[in-house]
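Required output: the full structure, derived from the provided sequences and hints.
Going down the list, the protein sequences come from chains A and B. According to this note's numbering, the residues represented by the first sequence are 1 to 580, in order. According to this note's numbering, the residues represented by the second sequence are 1 to 580, in order.
If you're looking for bench data, these hints aren't it; they were derived computationally from the structure. It is possible that part of the hints are untrue.
Just so you know, same-sequence chains aren't split out, so a pair can sit in one copy or run between any two.
[Claimed, not checked] Cut-off 27 Å, straight-line C-alpha distance, at most; resulting in silico cross-link-like pairs (DSS-like, lysine-lysine):
(1) K249 <-> K130
(2) K206 <-> K396
(3) K573 <-> K464
(4) K215 <-> K439
(5) K215 <-> K503
(6) K215 <-> K573
(7) K464 <-> K503
(8) K252 <-> K227
(9) K403 <-> K439
(10) K206 <-> K227
(11) K439 <-> K396
(12) K464 <-> K209
(13) K503 <-> K209
(14) K551 <-> K252
(15) K209 <-> K396
(16) K130 <-> K403
All of these numbers come straight from a predicted model, not from anything done at the bench.
Number of protein chains: 2
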Amino acid sequence: MTLPNLSNSPLANYLPILSWSRTYNRDMATSDAIAAVIVTIMLIPQSLAYALLAGLPAEMGLYASILPLVAYAIFGSSRALAVGPVAVVSLMTAAAIGNLGLTDPAAIALAAGTLAFISGVILLLMGVLKLGFLANFLSHPVIAGFITASGILIATSQLKHIFGIDAHGHSLISLLGSLFAHLGEANGITLWMGMATTGFLFWVRKGLKPLLISKGLTPRLADIGAKAGPVAAVAVTILLTWGLGLDQKGVKIVGEVPMGMPPATMPSFSPALWSQLFMSAVLISIIGFVESVSVAQTLAAKKRQRIVPDQELVGLGASNVASALSGGYPVTGGFARSVVNFDAGAETPAAGAFTAIGILLAALLLTPLLYFLPKATLAATIIVAVLSLVDFSILKKAWGYSKIDFAAVAATILLTLGLGVEMGVSAGVIISIALHLYKTSRPHVAEVGLVPNTQHFRNILRHKVETRPHLVTLRVDESLYFANARFLEDYVLDRVTCDEPIKHVVLQFTAVNEVDMSALETVEELNRRLGEMGISLHLSEVKGPVMDRLKRSHFLDELTGEIFLAQWDAWDKLSRPGAA
Amino acid sequence: MTLPNLSNSPLANYLPILSWSRTYNRDMATSDAIAAVIVTIMLIPQSLAYALLAGLPAEMGLYASILPLVAYAIFGSSRALAVGPVAVVSLMTAAAIGNLGLTDPAAIALAAGTLAFISGVILLLMGVLKLGFLANFLSHPVIAGFITASGILIATSQLKHIFGIDAHGHSLISLLGSLFAHLGEANGITLWMGMATTGFLFWVRKGLKPLLISKGLTPRLADIGAKAGPVAAVAVTILLTWGLGLDQKGVKIVGEVPMGMPPATMPSFSPALWSQLFMSAVLISIIGFVESVSVAQTLAAKKRQRIVPDQELVGLGASNVASALSGGYPVTGGFARSVVNFDAGAETPAAGAFTAIGILLAALLLTPLLYFLPKATLAATIIVAVLSLVDFSILKKAWGYSKIDFAAVAATILLTLGLGVEMGVSAGVIISIALHLYKTSRPHVAEVGLVPNTQHFRNILRHKVETRPHLVTLRVDESLYFANARFLEDYVLDRVTCDEPIKHVVLQFTAVNEVDMSALETVEELNRRLGEMGISLHLSEVKGPVMDRLKRSHFLDELTGEIFLAQWDAWDKLSRPGAA
Chain A
1 MTLPNLSNSP LANYLPILSW SRTYNRDMAT SDAIAAVIVT IMLIPQSLAY
51 ALLAGLPAEM GLYASILPLV AYAIFGSSRA LAVGPVAVVS LMTAAAIGNL
101 GLTDPAAIAL AAGTLAFISG VILLLMGVLK LGFLANFLSH PVIAGFITAS
151 GILIATSQLK HIFGIDAHGH SLISLLGSLF AHLGEANGIT LWMGMATTGF
201 LFWVRKGLKP LLISKGLTPR LADIGAKAGP VAAVAVTILL TWGLGLDQKG
251 VKIVGEVPMG MPPATMPSFS PALWSQLFMS AVLISIIGFV ESVSVAQTLA
301 AKKRQRIVPD QELVGLGASN VASALSGGYP VTGGFARSVV NFDAGAETPA
351 AGAFTAIGIL LAALLLTPLL YFLPKATLAA TIIVAVLSLV DFSILKKAWG
401 YSKIDFAAVA ATILLTLGLG VEMGVSAGVI ISIALHLYKT SRPHVAEVGL
451 VPNTQHFRNI LRHKVETRPH LVTLRVDESL YFANARFLED YVLDRVTCDE
501 PIKHVVLQFT AVNEVDMSAL ETVEELNRRL GEMGISLHLS EVKGPVMDRL
551 KRSHFLDELT GEIFLAQWDA WDKLSRPGAA
Chain B
1 MTLPNLSNSP LANYLPILSW SRTYNRDMAT SDAIAAVIVT IMLIPQSLAY
51 ALLAGLPAEM GLYASILPLV AYAIFGSSRA LAVGPVAVVS LMTAAAIGNL
101 GLTDPAAIAL AAGTLAFISG VILLLMGVLK LGFLANFLSH PVIAGFITAS
151 GILIATSQLK HIFGIDAHGH SLISLLGSLF AHLGEANGIT LWMGMATTGF
201 LFWVRKGLKP LLISKGLTPR LADIGAKAGP VAAVAVTILL TWGLGLDQKG
251 VKIVGEVPMG MPPATMPSFS PALWSQLFMS AVLISIIGFV ESVSVAQTLA
301 AKKRQRIVPD QELVGLGASN VASALSGGYP VTGGFARSVV NFDAGAETPA
351 AGAFTAIGIL LAALLLTPLL YFLPKATLAA TIIVAVLSLV DFSILKKAWG
401 YSKIDFAAVA ATILLTLGLG VEMGVSAGVI ISIALHLYKT SRPHVAEVGL
451 VPNTQHFRNI LRHKVETRPH LVTLRVDESL YFANARFLED YVLDRVTCDE
501 PIKHVVLQFT AVNEVDMSAL ETVEELNRRL GEMGISLHLS EVKGPVMDRL
551 KRSHFLDELT GEIFLAQWDA WDKLSRPGAA
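See below:
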């Protein structure tokens, strides 16, 4: 395992491109270019589709796939991550913009760019301040639940395009209600075309590659053929719609997509808009960062490389700022396209820059061809892509492992489906933290005894151990802090109240990693109360950092008993007849 | 130490009065009645003063000191707690009502009663649902900082009465700004009377009791004499104001206080008002509960009794509902009056009921005498009472013990002074939890070695221990959960990356009290990566509950190494030559 060589100069820490570009050669460029072609083919329909999912004009998806990729190639630390519009962040963008209640298309586009800019600034700040660890507060079960629920929401939101109707809503119930209300307006041709395209794309995903291989293609070429499936669907439905004049028969089409370079755009600096978008931008930043980092780490591990999470923040921040300045909307590293990029042989972030050139060429040359593209085709692309995100097995796994983790997943899924993505992910984080605090506020305390013929002590309820009637040893299985200190006090007092011969209580601090000031006051109080009952309080196996801190208080002067380095020493001394 | 005998019948669990009333006798009644007289004398001026502090008519303070005391006598579990209006809760009431921007006195009184009602319902619900443990999330440093800052805010807010001017504000800065702006309107007579009264009351507190004792009074009588000081100040300033017609010369007086029984009042059930008051009611409930419980526990411990926190919630909830129904405002157990009640010999909650009779008599008979009572006198009473709450020594103590605890205290004090009580206490809780999570998200990991001639392992940096070049043992000093799992993974990989001969990594789980699902996935990943590097991963000293959970996952099948009961077994087996 080797870290990427980032430490040649201080500047190289912030510009990974300075490291890899010095050893860049023709072979690497060839690999990167081939990967870029494959990713470009995949990204063109996806970019258009995700922009529509975000409630934005299709061309913003293309713009978000050009400059942001170049910015990431300069600032990002992952060698395989492919940045651009992704499904979950597009849905979150739709929710954030929807909150504003705007109707003017120019105002909506400005808000989307501003959202990308705020999100970029937040990511850059987090990167510079080394706050990447904050993402750890999203637990795996919460992320898994959130992604699954988002996949369902996204697929449901696209059904309106398959039916050719209007429907809106940010939660599953409001979406379904709106769909049913408008079901009578469904367009038959659109429905047939949407269902056929969806079926075709599912078949491409599952059945085309084996078929091509059986027809004699190499696996590599078969793979590229399967990746081109969505492009084929786009081409065929465009030709059908144009040739049969289906747009005159109610099939909704993408319409005019401006041809040319991405525009230079400025985000809004209105304080009112910033404060309305700020929380959404925070959530988009964190979700985007978590999604990117987990993809990047998975891919880096396969080549025994490691990524630098704080540098990823800088890379993603620069991408979003670039997106805001070039007519785009919030972007992040996508799972599917990064895996494709990696499998296609991308060696460096230059593959991203080459992809940007591919998308730029599409924006310059191909947009007139997209006029007759049915929205139903893009919806089918999205539905097939996001349904692979839906994975309820996390519920079963969590149930088997821990009811608390299960509660976090289930609540995140239900709240995301019921209240929308923003509430869902916020609630998921709060629930994870609350459940963790609840668990640690009622610590496990084990009464321990000596395992015969050893110096080892274990729980009296689980192991056959020796005990002494006048000596109680309690192993506290949690750090002591404000939320659980009182619990320990009550536990110890309850244990000794009804048991007459007890003369010594030993608290075995093996698992106590911290004693904060609230807990110190509680232990002082416990010492005093036990003293009034004629019982000595001892501590054993106190760790270095905890001991350092106790020495700075008056506690050690007041302690009625002793502090033993090892629990064995406490047992040895306190079990002698004189101690009873 | 004996628990109060609450377990005779299921009903007695919820009605502690059923327990103590059966053994109630004439001696106890006499003790309770004497304590009640002393508390009544103390409570009359305090009730009036705290009502004014809350921005309410003086009589509401009296009403809040009658029925709530009876309700607590029936439902409360502490035998010494004296319930009624207290300084901090009155200030919080002022802040909550101030948020509403009301001007009509009837609407203000209705809002105050409704606040008491909501707070009572919250407390009752918390009691029935056994949620008393939630109060533990207010750490001692946060409470200490909050009380100190509140004392300063309260004293400052009363200066306007001493100067005889108008001033408003919920933070120290806005209060001082408002005071300075109006300083030119100060009334000379009011200022002299206010300063003289304040000086007199400070002297009563410090100097009167020793003086009375030196004059031959028994300590007990001297104590009662000192308690009567505020009553004397009230009587003298009333007589002066009436005799010299000072109210005609700009001295502000309490004015007409209605004579008679507390009125029967109904809280408002307007959803808009409830939603505006709800968060304030939550904060008032929690602060009131914490204040009460800490007083009650301190006093109960002196008689080797214990209180039942969840029953205290019921007692305080009933008191607040009673206050709402009888013209009062939020109440809780007060520190000073409870100590007085206890010292005066109160034996049972009946002392509270007797105090209620005393206050009722005052409301029925004495209110006309209060007409000429200067507001400056009441302000002086409050200032002298609350300055005893101000204690900056907590800052020094926290600094010496732990910088994190210091940060929590300092932030709570600054935010309470700067932004008011509600923001201060909310921020204090959030800061405590955030700092705790931050600490646990970067756990202490110690590399350990064998203490020679023992079976004991300690940190290689702190102790002289044996180690083996091919074997690294890391003791993880924290439970593994979503926020810190990644940190451990990085730590272990960094440790082994540059050290060639390592063949075995043992994670000593002595202090790992929990491994949640996120952490499990991270440890699985670590196992896989170490495996790819040819390093075996072992665990030692895994606790019962953690082991149970690991058995429910696939982790144990995939683990490249072994699980050892004791770290000594791991050392013994893995340090043999064959293991290298």
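Each hint, compared with the structure:
Within a single copy, K249 and K130 get their C-alpha atoms no closer than 56 Å, and across copies no closer than 65 Å, so neither meets the 27 Å cut-off. For the identical chains of this complex, K206 and K396 are intra-copy neighbours only, at 25 Å inside a copy versus 68 Å across copies, given an alpha-carbon limit of 27 Å. For a Cα distance limit of 27 Å, the shortest separation of K573 from K464 qualifies both inside one copy, at 21 Å, and across copies, at 24 Å. Within a single copy, K215 and K439 get their C-alpha atoms no closer than 58 Å, and across copies no closer than 60 Å, so neither meets the 27 Å cut-off.
Taking the shortest Cα distances, K215 and K503 never come within 27 Å of each other, neither inside one copy (84 Å) nor across copies (48 Å). In this assembly of identical chains, K215 and K573 lie within 27 Å of each other by CA distance neither inside one copy nor across copies; the values are 81 Å within and 57 Å between. In this homomeric assembly, K464 and K503 come within 27 Å of each other (Cα to Cα) only inside a single copy, at 23 Å, whereas the closest approach across copies is 34 Å. For the identical chains of this complex, K252 and K227 are intra-copy neighbours only, at 25 Å inside a copy versus 85 Å across copies, given an alpha-carbon limit of 27 Å.
Taking identical chains as interchangeable, the C-alpha atoms of K403 and K439 lie at most 27 Å apart whether they share a chain (12 Å) or sit on different chains (25 Å). Within a single copy, K206 and K227 get their C-alpha atoms as close as 11 Å, which meets the 27 Å cut-off; across copies the closest is 87 Å, which misses it. Taking identical chains as interchangeable, the C-alpha atoms of K439 and K396 lie at most 27 Å apart only when both belong to the same chain, with a minimum of 21 Å there against 32 Å between chains. When the C-alpha separation of K464 and K209 is checked against a cutoff of 27 Å, the pair qualifies neither within a copy, at 60 Å, nor between copies, at 63 Å.
Proximity of K503 to K209 under the C-alpha cut-off of 27 Å is found in neither arrangement, the shortest distances being 76 Å within a copy and 42 Å between copies. Neither within a single protomer nor between protomers do K551 and K252 lie at most 27 Å apart by alpha-carbon distance, with minima of 75 Å and 55 Å respectively. Taking identical chains as interchangeable, the C-alpha atoms of K209 and K396 are never at most 27 Å apart, the minima being 31 Å within one chain and 71 Å between chains. Taking the shortest Cα distances, K130 and K403 sit within 27 Å of each other only across copies (21 Å), while inside one copy they are farther apart (33 Å).
Figure legend: structure checked against the earlier numbered hints; hints not met, in rising order: 1, 4, 5, 6, 12, 13, 14, 15.
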